[in-house]
Amino acid sequence: MKIAVWLGRRLIAIVLQLLIISFLTFSLLFLMPGSPEQILIGPNPATAEQLESIRERYGLNEPFLAQYADWLGAAVHLDFGTSIANGEEVSSLLIERSGVTVSLAIYAIVLLLLLAVPLGLVAGARAGGTADRVISAVTTMLVSAPAFATGLLLLYVFGVVLRWFPIFGFGSGFTDVVWHLTLPAATLAIAVIALIVRQTRAVAATIVRSDYVLFGRARGVAPWTIWTRYLLRGSSMPLVTSMGLVLGFFLTGTVVVERLFSIPGLGSLLINAVSTKDLPVVQGATILVSFFVLLANLLADASHLAVDPRVRKAVLA
Amino acid sequence: MASGNGRPGADLLSVEGLRVTGHDGAALVDDVTFSIRPGETVALVGESGSGKSLTAKAIAGLLPRNLTASGSIRWRETEVVGARERVLRTLRGPQVSMLLQDPFTLLNPLTPVWRTLAETLPGRGAELRLLISERISDVGIEPARARDRYPWELSGGMRQRIGLAAALSQSPALLLADEPTTALDATTQRDVLRLIHRLQRGHGMAMLLITHDLRIATSMSDRVVVMAKGGIVESGDVDDLRSGGRQEYTRRLWAAQLPVDRRLADLRVEARLDGAGAAPVPDAATGGAGAGTTPILVVRELSKSFAARGHGEGVQALDRVGLELARGRSLGVIGESGSGKTTLARCILGLEQPTSGTVELTPGIARRQVQCVFQDPYSSLNPSHSIGFALAEAVRHRAGAPLSRREVAAEIAATLHSVGLDASFARRRPETLSGGQRQRVAIARALLLRPEILVCDEPVAALDLTVQSQVLQVLRDAQAGGLSMVFITHDMSVARQLTDEVIVLHKGRIVETGPTASVLDDPQHEYTARLLASVPSGDREWIAGPPLQRTGAMTDG
Amino acid sequence: MSTGLQTRPARQSSALVVLALAFACLVAGLCVVSFVGLGLDPQTQRLLEARQPPTPGHWLGTDLVGRDVLARVVHGASVTVIGPAAVALGAVAIAVPLALVAAERGGVVDAVVMRTSDTLLALPSILVIIVIAGLFGGGYWLAAAVLVFLIVPSGLRIARSVALGQKNLPYQEAARLIGASTPRRMFVHTLPNLLPTIVATLLLDFVAALVALSSLSFLGLGAPPGSTDWGTMLAENLRLIEQNPWACLAPAVMLVLTAYSATTIGDWLHLRLEGRRG
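Protein chains in written order, with this note's numbering: chain A, 981 to 1297; chain B, 7 to 563; chain C, 24 to 301.
Certain hints may be false.
[Said to hold, decoys possible] Computed from the model, here is a short list of chain A residues facing chain B with C-beta under 8 Å:
1. Tyr1192
2. Arg1290
3. Val1291
Treat the hints as calculated values from the structure; they're not laboratory data.
The structure presented is a predicted model; accordingly, all values stated were derived computationally and were not measured.
The beta-carbon is built from N, C-alpha and C at its ideal position, and this holds for glycine as well.
Working from the sequences, and respecting the hints, build out all of it.
If you want it as structure tokens, here you go:
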């Protein structure tokens, strides 16, 4: 019951946020240098008739808010118009490109789940030990480095020198796609893994030194219970609380990674559109990515609610 | 000896030549030897830094990784020093268990009470549920009120009781209780100690009770070991200790204990050891010249409520509280945590706006002439500035007109001297000072504003006993100089020594008020009487008998 | 992504700190060299010597059009580092006073500042910069200016929470009771206690700005084509990875080490400055 209220509120908030984003995105047409007609025609010189037909087609003679309402009405039906560069439907472009980007993000999440918490737990449980020092030094290096630079090093070592993985493209068929996406997903995951490892390590180190672990050991609680219910559960909290941030980073970080590995995803679509000032595509991609990010945040908050009884009480009381 | 296992008379625990060293080789505990027989209670008494907690951890085999124990610790036949964790692990719980000091960090916040208990109880399903309920009611809590709750939904007293139930779940032969009630309110402390005592008798369990309070040690234990600076000062029968102890150190500890039934002439430990300071004096002897009945502070119908955070209910911290402070007198405000005493102090200081009611100062007294000494010595001074900077700021703000550097320095030196510190302290930084020294500096800073009224909010609650009495004497000297004082405390003994009149606060209301001597000698209100009864007397009777209040209430701490 | 002050490792081994400081000095030295010149020749194109792996004449080889990679990497230090440094200084200069005021005044002021910063923080900053820098064509410095505002919130939040933590400490209340004015309490009492936070934030912001601006250059939307910005170099030399990998590895390594040094020095300074207190 109360969960429903919470969920309802969050969904309303997402709709409102999307409205604001859509308004700002729509306004780009008028904020960009150059007249709207010229922007929508593209870089080639245009005749008066062409300009008039564009004005007609996009309703540019109507008042600003009416134009926005029309545009929004179409956008709700996933109609963002056609690409200026090649005349394709923006929505079909988006659908075509989303698959790659979403698989890349999911692959990165799998890597994150497999690596981040165990590494942080090992470092934190023996804080100050050799493993901790190595892990801490490496994560400090990776957490701060630009993704395209670490990605290039991966690409050079595993793609050029060792030739274990392909250095560009997407591939076809499940295994081939996984093979192609390994280096990009690793690049995407590395900075985030380092961040989560650092957070997990800090929490694990605190729990290991906590009174309740000492008390648990003193009263004879089984080591397995201490490791799982005390340490593992407590140390997964940073991963859960940062999930929104992490997913957001995965969805926006693909822009750089797709460029580095020449992968035809949403990110490269957006970059190309921005470089060629292909406004309808930019608008569609921006709104789609924003929607993904907002949805990811909702998922993250819901999982936080599921694992932390304190948050549950604070939110649902 | 109801436990029955083990040879009768044989030691349950024997510690011989225990030494705990840090990674730099320095000994934190050195040459500690004592033993505990089945069913016996031994108290380990010492001030902070005496090594008593480390000794307990070493006995449990749970020293922090960077410390090492040497010597010998035996649980019956098992040698703990150098033993493998696998061996000790199976013995912790049924042989030796431990209860820690802070109820707020004792339990896993992500685990509900029933699961905490289930971790060390046998059985499953309905059988286990029944056992859990039994164990919860054993510690005086109605099972339904705690079973499905998380630790952070419970009061400190309830958490400590659940901790006790968890520690005893496998009926250990020996319980190591490390300051188990220090973090609790006085009335809750006595109830929990009585509960521990009763359960101990019921289980036929031996106990090592670690405490800083000699009176709790004498009322609960059969034998006492006194520790200081990592070593044993003396150990012996509880009656030896009750009659004052054989060693100088122990006698100092006793001397630092403030009585609740009389006012002492001099609070300093040295003076009391001489005998001169220990003489009782009439209660109203402090007021200096000019002490009289003219009120300089009047509080009328003061109420303060705090708005709720989120969806919870708001809190009524103060409910129509009124008081008068006469010039040159000292007014005590006695209360437990949650009584509203600190809120009252903050309203008087103008740090908090009352919801209704008034705080009036006699005309002619500026806000700046009402100063404060806070409870926490560690955050009372700005870590970024030297002592001299903090004191000079006070002088300059009082003087208004610019003073020369020399004038300021001279005044600082004189004031530091008056609180018992050398003038060279002005050059030092806060982090190099002990807690007692910091509180003296805080007093000096307040005095430099030449206040009319000094509000003291638990100024010695965070200090060791021997340091407490020295700082309290400084405050008494200030009273003798004619300073009026509002003295907030939870400690009836401290109130006896420092105040002329007291008000007793309970849940934001005044329940009793009057001259200190008559309130403490002959309390009229049931709550005041309960507070007084919860002051440790050092006698066996203090710990025997049923709890003072029906427990299981959510309000016991 | 920012690493957050609350997650720093307990203590770094001092050898790594020394190396980080040494590398930071090296980068500073390169900046000076690239200003002074010292016979550096990053722009001359020698098409006959293009795409060469390292030779005695060109220690890191040459790029697509025969420019000396070493000279370009050295010259790129100032081009790459000065923008992020300016962004970090700007962001801290805005964040710290705002944090002090928000913490001190509380109420509406605090709510407005914090909600605004929450909103900015929720924006995917790299997308915003890409869209603005790309569509508006303002290039590197417009992106840097926008970036200042996108980076302010993270430091602002940390500084505010530290300032708020100080606000109700007894020493602050003692200063109020003495009669110290609000500005005096903010600047004489609170500000010095924010120093460790400010220093750490400065370096964290620098790293965040370095990542954002070099990413933008890498995508071809920041520094102009042919610039010696390490991000631009990396992107333009990517297709040389088989013939002369050093042409893109060198700027990548420089970027990673610069970011790493700044993070390590930030951690170290934060701990050192905190350690001086009680």
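Worksheet entry | Hints violated by the structure (numbers, ascending) | Hint check: 3 fails alone, others pass.
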